Amino acid sequence: MRPSPARLLNILVPVKRAVDYAVKIRVNPQQTGIDTNVKHSMNPFDEIAVEEAVRLREKLKSSIESIKLVSIGPSKCSETLRTGLAMGADSAIHIETPDSAPAPEPLGVAKALRQIIAKQEGGVDIVILGKQAIDDDAGQTGQMLAGLLGWSQATFASKVDIDVEKKEATVLREIDGGSEEIRCRLPVIITTDLRLNEPRYASLPNIMKAKKKPIEKLTPEQLGVDLAPRLQTIKVSEPPKRVGGAKVENVDQLIEKLKEAGFTAA
Amino acid sequence: MSLDGFTESQIQVREAIDSICCKYPNEYWAQKDMEGSYPSDLHRDLAAGGWLGICMPEKYGGSNLGISEATVMLQTIAESGAGIAGAQSIHANVYASTFFWTFATEDQRNRWLPPIISGSQRACFGVTEPNIGLDTLKLQTRATRQGDNYIVNGKKIWISSAQVAQKMVLLARTTPLDQLDNPSKGLSLFFPDIKEEDGVTPKKGVDLQRISKMGGRAIDANQAMLILRLFRQVFFDDFEIPVADRIGAEGEGFKQILHGMNAERCLLAGEALGIGLAALRRAARYASERVVFGRPIGQNQAIQHPLAQSWIDLEAAKLLTYSAAKAYDDHAAVKGSSNTDVGARCNAAKYFAAEVAFKACERAVMTHGGMGYSADFHVERYMREVFVPRIAPVSREMILNFISQKVLGLPKSY
Numbered sequence: 000m001r002p003s004p005a006r007l008l009n010i011l012v013p014v015k016r017a018v019d020y021a022v023k024i025r026v027n028p029q030q031t032g033i034d035t036n037v038k039h040s041m042n043p044f045d046e047i048a049v050e051e052a053v054r055l056r057e058k059l060k061s062s063i064e065s066i067k068l069v070s071i072g073p074s075k076c077s078e079t080l081r082t083g084l085a086m087g088a089d090s091a092i093h094i095e096t097p098d099s100a101p102a103p104e105p106l107g108v109a110k111a112l113r114q115i116i117a118k119q120e121g122g123v124d125i126v127i128l129g130k131q132a133i134d135d136d137a138g139q140t141g142q143m144l145a146g147l148l149g150w151s152q153a154t155f156a157s158k159v160d161i162d163v164e165k166k167e168a169t170v171l172r173e174i175d176g177g178s179e180e181i182r183c184r185l186p187v188i189i190t191t192d193l194r195l196n197e198p199r200y201a202s203l204p205n206i207m208k209a210k211k212k213p214i215e216k217l218t219p220e221q222l223g224v225d226l227a228p229r230l231q232t233i234k235v236s237e238p239p240k241r242v243g244g245a246k247v248e249n250v251d252q253l254i255e256k257l258k259e260a261g262f263t264a265a
Numbered sequence: 000m001s002l003d004g005f006t007e008s009q010i011q012v013r014e015a016i017d018s019i020c021c022k023y024p025n026e027y028w029a030q031k032d033m034e035g036s037y038p039s040d041l042h043r044d045l046a047a048g049g050w051l052g053i054c055m056p057e058k059y060g061g062s063n064l065g066i067s068e069a070t071v072m073l074q075t076i077a078e079s080g081a082g083i084a085g086a087q088s089i090h091a092n093v094y095a096s097t098f099f100w101t102f103a104t105e106d107q108r109n110r111w112l113p114p115i116i117s118g119s120q121r122a123c124f125g126v127t128e129p130n131i132g133l134d135t136l137k138l139q140t141r142a143t144r145q146g147d148n149y150i151v152n153g154k155k156i157w158i159s160s161a162q163v164a165q166k167m168v169l170l171a172r173t174t175p176l177d178q179l180d181n182p183s184k185g186l187s188l189f190f191p192d193i194k195e196e197d198g199v200t201p202k203k204g205v206d207l208q209r210i211s212k213m214g215g216r217a218i219d220a221n222q223a224m225l226i227l228r229l230f231r232q233v234f235f236d237d238f239e240i241p242v243a244d245r246i247g248a249e250g251e252g253f254k255q256i257l258h259g260m261n262a263e264r265c266l267l268a269g270e271a272l273g274i275g276l277a278a279l280r281r282a283a284r285y286a287s288e289r290v291v292f293g294r295p296i297g298q299n300q301a302i303q304h305p306l307a308q309s310w311i312d313l314e315a316a317k318l319l320t321y322s323a324a325k326a327y328d329d330h331a332a333v334k335g336s337s338n339t340d341v342g343a344r345c346n347a348a349k350y351f352a353a354e355v356a357f358k359a360c361e362r363a364v365m366t367h368g369g370m371g372y373s374a375d376f377h378v379e380r381y382m383r384e385v386f387v388p389r390i391a392p393v394s395r396e397m398i399l400n401f402i403s404q405k406v407l408g409l410p411k412s413y
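Here the protein sequences come in this chain order: A and V. Residue numbers are given in numbering that gives the first Met the number 0: position 112 of the first sequence equals residue 111, and the series is strictly consecutive. Residue numbers are given in numbering that gives the first Met the number 0: position 395 of the second sequence equals residue 394, and the series is strictly consecutive.
Bear in mind the hints are in silico, worked out from the structure with no lab data behind them. Bear in mind the structure is a predicted one, so any value in this text is a computation, not a measurement. Where a beta carbon is used, it is the ideal one built from N, C-alpha and C, also for glycine. Hints may be right or wrong, so weigh each one.
DSSO-like cross-link-like pairs, simulated, lysine-lysine; straight-line CA separation at most 30 Å [as the list claims (entries may be wrong)]:
{"id": "1", "chain 1": "V", "residue 1": "K358", "chain 2": "A", "residue 2": "K208"}
{"id": "2", "chain 1": "A", "residue 1": "K246", "chain 2": "A", "residue 2": "K234"}
{"id": "3", "chain 1": "A", "residue 1": "K216", "chain 2": "A", "residue 2": "K60"}
{"id": "4", "chain 1": "V", "residue 1": "K358", "chain 2": "A", "residue 2": "K75"}
{"id": "5", "chain 1": "V", "residue 1": "K58", "chain 2": "A", "residue 2": "K208"}
{"id": "6", "chain 1": "V", "residue 1": "K58", "chain 2": "A", "residue 2": "K210"}
{"id": "7", "chain 1": "V", "residue 1": "K22", "chain 2": "A", "residue 2": "K58"}
{"id": "8", "chain 1": "A", "residue 1": "K212", "chain 2": "V", "residue 2": "K22"}
{"id": "9", "chain 1": "V", "residue 1": "K22", "chain 2": "A", "residue 2": "K23"}
{"id": "10", "chain 1": "V", "residue 1": "K325", "chain 2": "A", "residue 2": "K38"}
{"id": "11", "chain 1": "A", "residue 1": "K212", "chain 2": "V", "residue 2": "K325"}
{"id": "12", "chain 1": "A", "residue 1": "K60", "chain 2": "V", "residue 2": "K58"}
{"id": "13", "chain 1": "A", "residue 1": "K208", "chain 2": "V", "residue 2": "K202"}
{"id": "14", "chain 1": "V", "residue 1": "K22", "chain 2": "A", "residue 2": "K210"}
{"id": "15", "chain 1": "V", "residue 1": "K325", "chain 2": "A", "residue 2": "K210"}
{"id": "16", "chain 1": "V", "residue 1": "K325", "chain 2": "A", "residue 2": "K211"}
{"id": "17", "chain 1": "A", "residue 1": "K246", "chain 2": "A", "residue 2": "K216"}
{"id": "18", "chain 1": "A", "residue 1": "K240", "chain 2": "A", "residue 2": "K256"}
{"id": "19", "chain 1": "A", "residue 1": "K110", "chain 2": "A", "residue 2": "K216"}
{"id": "20", "chain 1": "A", "residue 1": "K166", "chain 2": "A", "residue 2": "K212"}
{"id": "21", "chain 1": "V", "residue 1": "K358", "chain 2": "A", "residue 2": "K23"}
{"id": "22", "chain 1": "A", "residue 1": "K38", "chain 2": "V", "residue 2": "K254"}
{"id": "23", "chain 1": "A", "residue 1": "K212", "chain 2": "V", "residue 2": "K58"}
{"id": "24", "chain 1": "V", "residue 1": "K325", "chain 2": "A", "residue 2": "K75"}
{"id": "25", "chain 1": "A", "residue 1": "K210", "chain 2": "A", "residue 2": "K75"}
{"id": "26", "chain 1": "V", "residue 1": "K22", "chain 2": "A", "residue 2": "K158"}
Pulled from the structure, derived: some chain A residues nowhere near chain V, Cβ distances all over 10 Å [what the hints assert, rightly or not]:
{"id": "27", "residue": "L7"}
{"id": "28", "residue": "K118"}
{"id": "29", "residue": "E120"}
{"id": "30", "residue": "R172"}
{"id": "31", "residue": "E179"}
{"id": "32", "residue": "I181"}
{"id": "33", "residue": "K212"}
{"id": "34", "residue": "Q231"}
{"id": "35", "residue": "V250"}
{"id": "36", "residue": "D251"}
{"id": "37", "residue": "L257"}
Let's have the full structure, built from the sequences with the hints guiding it.
Following this line, the structure appears as structure tokens:
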């Protein structure tokens with residue numbers, strides 16, 4: 000048991016560099032993936048995670064000891080980390096992979112994060128990450144990480160409260176048909192939903208300050224993790240083009256058409 | 000637009016400004032244009048993000064970046080669809096700032112810079128006069144010293160944002176021309192309040208008048224209202240300025256103003272580039288969507304080739320603009336000095352970017368056909384606004400005169 004009064008909390012925010020949400024996605028001619036030679040930015044759900052970490056500090060002040068970011072990927076991930084540092088994180092870790100390396104899968108990422116957490120001398124109390132990345136929509140990393148560590152998990156969070164004294168997190172989750180409030184002990188893995196907050200714009204002075212914040216570089220080898228994909232992508236294709244519909248005169252005709260198409264019982 | 004060769008800072012500025020401008024789509028600017036109202040929301044957001052202090056020293060709340068980054072900022076604003084109107088809402092604050100921290104005293108900097116950076120006060124820029132134009136050394140607005148004040152009488156014209164500005168960078172004559180051996184020593188630079196403390200009422204002796212401009216005709220009086228609103232004429236009638244609001248020594252005004260001119264050329268080149276790229280993007284989109292005779296009009300080379308040419312032109316303008324901005328920044332380290340090479344390149348960038356942006360806007364309107372004439376497609380707004388960088392702050396002809404004389408060594412023609 001940790002001694003009371005509460006030790007200062009350390010927050011880790013894993014972030015992913017993904018194709019920008021505004022970019023029109025195109026499948027590459029070989030149909031092995033999408034054209035990645037386009038604008039990238041921080042996965043929007045991870046932006047929400049960074050924002051939440053910064054808001055927790057604004058609320059809990061000095062109870063938050065540190066906010067550290069971590070990203071896995073090629074050299075350009077450092078730009079994504081700078082964005083998060085400009086939003087208010089203190090430092091970052093970049094697990095650098097070669098530009099040619101395939102994108103790691105959720106299990107590989109979760110294992111790498113477990114190693115990162117083990118390496119943190121002050122420990123990690125709260126991990127906040129996006130519920131999914133908008134590129135592969137896997138939505139697994141947070142849950143896998145909680146499983147690997149045996150920690151509490153609060154997924155799809157739309158509201159987060161931390162009780163520093165009791166070392167508890169109260170999280171409102173978005174579920175089918177409403178919301179669910181859960182309370183869990185720290186350390187905890189929290190994954191963010193869209194409505195948790197609205198991320199801030201980095202101000203120019205903070206962008207300038209972020210240039211001086213440290214980014215520690217590591218390799219998967221140094222962490223002793225194998226990021227090689229376990230899954231094989233057979234084919235990537237665009238959704239079929241939408242074909243135009245037809246107009247019907249009245250409800251009877253509509254029902255008839257639906258029957259013809261086999262959508263209702265004859 | 001490829002960002003190849005841009006510095007990390009420039010890319011960060013572009014991305015950050017882009018995300019702010021996303022909140023203000025073309026429809027917002029069309030509305031502002033129609034109403035003739037100042038885009039105070041964008042100004043507020045940019046001020047809150049510290050962007051107005053982009054070129055100012057950190058000591059006063061700025062971020063100490065160069066014109067290379069400020070140009071990216073203004074290009075990105077213009078390119079978002081905000082056009083020249085959006086860029087001009089903060090333009091004067093960026094380039095007027097180059098005077099202060101170079102020539103102002105520590106006391107003046109402490110008084111002036113923080114409110115401008117925080118956005119609580121805005122500055123406008125009063126150099127041009129109705130009877131003088133580009134012959135700056137003949138300026139007639141007179142500032143006569145009386146004890147601790149100067150009494151100013153005269154007229155200034157084309158003062159962007161005069162209605163919302165608290166302060167004006169004012170160039171006025173402190174020594175009559177006939178008493179001067181060196182005609183460049185007769186002007187002085189001031190930074191007075193032109194409004195009372197309420198920020199609305201003009202100070203005693205200051206009269207602001209709107210100028211009808213570009214489209215202020217019976218056909219559609221709304222069309223150019225933003226431009227109507229942005230540009231003003233200012234009359235001074237025994238307007239008193241405290242001596243403490245003079246920048247630098249008396250008679251040094253002309254030299255000081257030249258210092259900021261090259262920076263402004265770069266900013267306007269960036270703004271032109273931005274509006275040109277915005278027009279081209281809309282043209283390409285329309286050309287691939289608009290179907291006539293069973294196929295998109297953009298499938299016809301007569302439509303696509305002019306647009307491709309404009310892309311090439313704008314790409315070249317980008318290189319010229321950012322190489323000039325870099326030259327300016329590299330040279331600005333040498334305090335207050337002038338350099339013909341930097342001047343020529345900043346002017347060339349302004350000239351070229353404005354001309355190719357104009358061509359891109361015109362082609363965008365023509366690509367849209369009848370729709371291009373409608374305000375709903377935004378390109379007609381770009382078309383009206385792209386005249387600003389073509390005309391201001393210096394005419395094409397004067398740029399050609401300068402390059403002929405100073406770079407090519409030809410005899411002075413005027």
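Need the list of violated hint numbers for this structure, in ascending order. Hints 1, 2, 4, 13, 17, 22 are the ones this structure does not satisfy, whereas the remaining hints hold.
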